[in-house]
Amino acid sequence: MKEFDIEKLERKNIYKVPDQLFENIQDSVMNEIKTSKKAPVFKLNWIYAAAASLALIFGMTYVFNSDQNSVEKGLTSNAGYTIHKGEPKTEGELAYETLKSDLTSVENNNQTVVNQNTGSVDAYKNENEKTITSPKAVKVVTRQDETKMNDYLDSFSNSEIAELASNSTQDVYLDLYN
Amino acid sequence: MKIKDAEIISLMQNPRTQEKGVRALMDAYQSRLYWHIRRIIVDGDLAQDTLQETFIKAYQNFHQFKNDSQLYTWLYRIATNEALQQVNKMNKMKKSDEDAEYHMQNLVADNTEGDAEEIQILLQNAIQSLPEKQKLVFMMRYYDDLPYEEISKIVDMSVGTLKTNYHYAKQKIEDFIKENYER
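Top to bottom, those sequences are chains L and C. The numbering used here puts the first sequence at residues 46 to 223. The numbering used here puts the second sequence at residues 862 to 1044.
It should be emphasised that the hints constitute simulated quantities derived from the structure, not laboratory data. Wrong hints could be hidden among the right ones.
No more than 27 Å apart at the CA atoms, straight line, and that leaves these computed lysine-lysine pairs for DSSO-like [as the list claims (entries may be wrong)]:
1. K53(L) / K996(C)
2. K994(C) / K57(L)
3. K918(C) / K61(L)
4. K1024(C) / K996(C)
5. K57(L) / K881(C)
6. K61(L) / K1014(C)
7. K1024(C) / K53(L)
8. K79(L) / K927(C)
9. K61(L) / K1024(C)
10. K996(C) / K61(L)
11. K955(C) / K53(L)
12. K57(L) / K927(C)
13. K79(L) / K918(C)
14. K1033(C) / K57(L)
15. K61(L) / K1039(C)
16. K865(C) / K79(L)
17. K57(L) / K1014(C)
18. K82(L) / K881(C)
19. K61(L) / K955(C)
Bound conformation, chain C alone (with noise of 0.2 Å):
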């Protein structure tokens, strides 16, 4: 039986129950949330790390969380900082934009399903030759369908912005997979 945000909030709420409140919050949002991570990271290992500080920090901080906002929103967001903040120090060690970038692209390579498709790789390495605001748009809106409302919550943009950056993270991997598929 799935339970309610409702239902995780009160648990979290009170002290006694918080740590089935934690367990229940896993259980609803870990995959979800690994993905979106995932995607950013690329990195198995780092991935797994990133989702557990994820909702380390969820129960550390659960008093910041305010029922104004949706809760997979309030997650979305610490997710999406911690992700970041792991790419930037994956990216200080590379000395340029580049680097960072074919990187990125031997991390997909390497983390790649044996019996992927190639259009699925393409697509993989389309986004992160992405800017980081047009990557976070663009999976959030692609991958896991948020709406305009909550993604500009989570990554502090307004809808107007986040749908021209939506537009042109489009038209950036709709070119890049034209220009490298090969059939």
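Just chain L, same shape as in the assembly (with noise of 0.2 Å):
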């Protein structure tokens, strides 16, 4: 070829062209642009970042004692029933302190009959003091119930207490004692 003018030459695009290309090409950076949009940042003040961080803090120091407090309530009513402040009682328990305190009354009823043999207070007073770790407060009976109660008996006929007696479920310790 001796002369040539690239001026005369047709501009054209000679090379192959995907299906779709500009959609593809859209989609694409849309999709890009849109997952690398950040998420919101929330401007935090630092009076809020102190605040939540005691809240926190005496949250968790709370929540750590209430549970030492209950472990060491745990182990205190495991101990010894004796030491309950109100609490509610487990069968267990109940059933231990009803035992024991009927056989404190009827050793207390007993020992009532010795005091009376005997005519002294102070050892009725000292068998009371040992028994007073118990959580159910044993009824003191005193001279002046207990002549009183006789009296009140007295009132009453033989047959009289003969149905009363028939009436009334028998004390099973009674018969330890009688």
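Now that you have both chains on their own, put them together as the hints suggest.
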């Protein structure tokens, strides 16, 4: 070729172009933009941050202490049944206390007999002090009460006493001391 | 309806309408930028990736765009830089400049439509034989008909140098075609 002027040549794009080229490019760009968009960042005031930290510290301390107290309570309640302060008692504890108080009351009743025999109030007091750890306060039967009771019983006729005795249930422990 | 640059810029500058702005920007410039990148890179898949990257960079750096220049000038600058980075990556794998030129001519052959004219293929091979700056100037002037002043902003060269480069590039291409055209 001797003469050639490039300006006279038609401007053509001769490369192969895939189908949906620009749709694919646009979709890719938009997806990239959406995923690269940063999540909104909240500016936290340092006062709020400090307050939140303190609340967390106190909260954790409270939870930790309450857990320890409950553990301690559990331990003391297992150690003995005598230190309850209004907390609900288990069935086993109640059964144990009932039995103990029954025995003590029988003991005391017996002691009152002893006291009557000996006439010593101090001995009774000493015995009573030993049982003070019992959660149920045992009702102390005084001489005055006893004489009143005797007077009251004397007022019944034999037939009335027999009727009352038939209505009442017999205390099994009475057999032990009678 | 063709959206104007001022509208695209307005949409892009508002965070609420930025995505709409990107769509409008791509609709307006995707074809011109694609062919600009494709002539530099030649490989179709790579050109597609490069154009995507160009739009993403435009979106991410739109705050740097100043209204004292044309929007397409700014976009051409990004696209040209991205395309040259890709070409440099390809050339690093080649042992010599001859290898790189041979590789580009093979790419032209592989990517050309089956019914393309021989003279058009020769023209593309001739462009690939040019030094980088002459290649850029020739393509932007010859295909995109960009004013020298705008090309100057894109490639950071004076208008005088650009004119000289275009003249040499044109001369080399014509010689290349004269030598290789068989009819």
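Hints, verified against the model:
no. : hint               : verdict
1   : K53(L) / K996(C)   : 19 Å, holds
2   : K994(C) / K57(L)   : 22 Å, holds
3   : K918(C) / K61(L)   : 26 Å, holds
4   : K1024(C) / K996(C) : 13 Å, holds
5   : K57(L) / K881(C)   : 32 Å, violated
6   : K61(L) / K1014(C)  : 30 Å, violated
7   : K1024(C) / K53(L)  : 19 Å, holds
8   : K79(L) / K927(C)   : 24 Å, holds
9   : K61(L) / K1024(C)  : 31 Å, violated
10  : K996(C) / K61(L)   : 21 Å, holds
11  : K955(C) / K53(L)   : 35 Å, violated
12  : K57(L) / K927(C)   : 33 Å, violated
13  : K79(L) / K918(C)   : 14 Å, holds
14  : K1033(C) / K57(L)  : 19 Å, holds
15  : K61(L) / K1039(C)  : 26 Å, holds
16  : K865(C) / K79(L)   : 25 Å, holds
17  : K57(L) / K1014(C)  : 26 Å, holds
18  : K82(L) / K881(C)   : 15 Å, holds
19  : K61(L) / K955(C)   : 25 Å, holds
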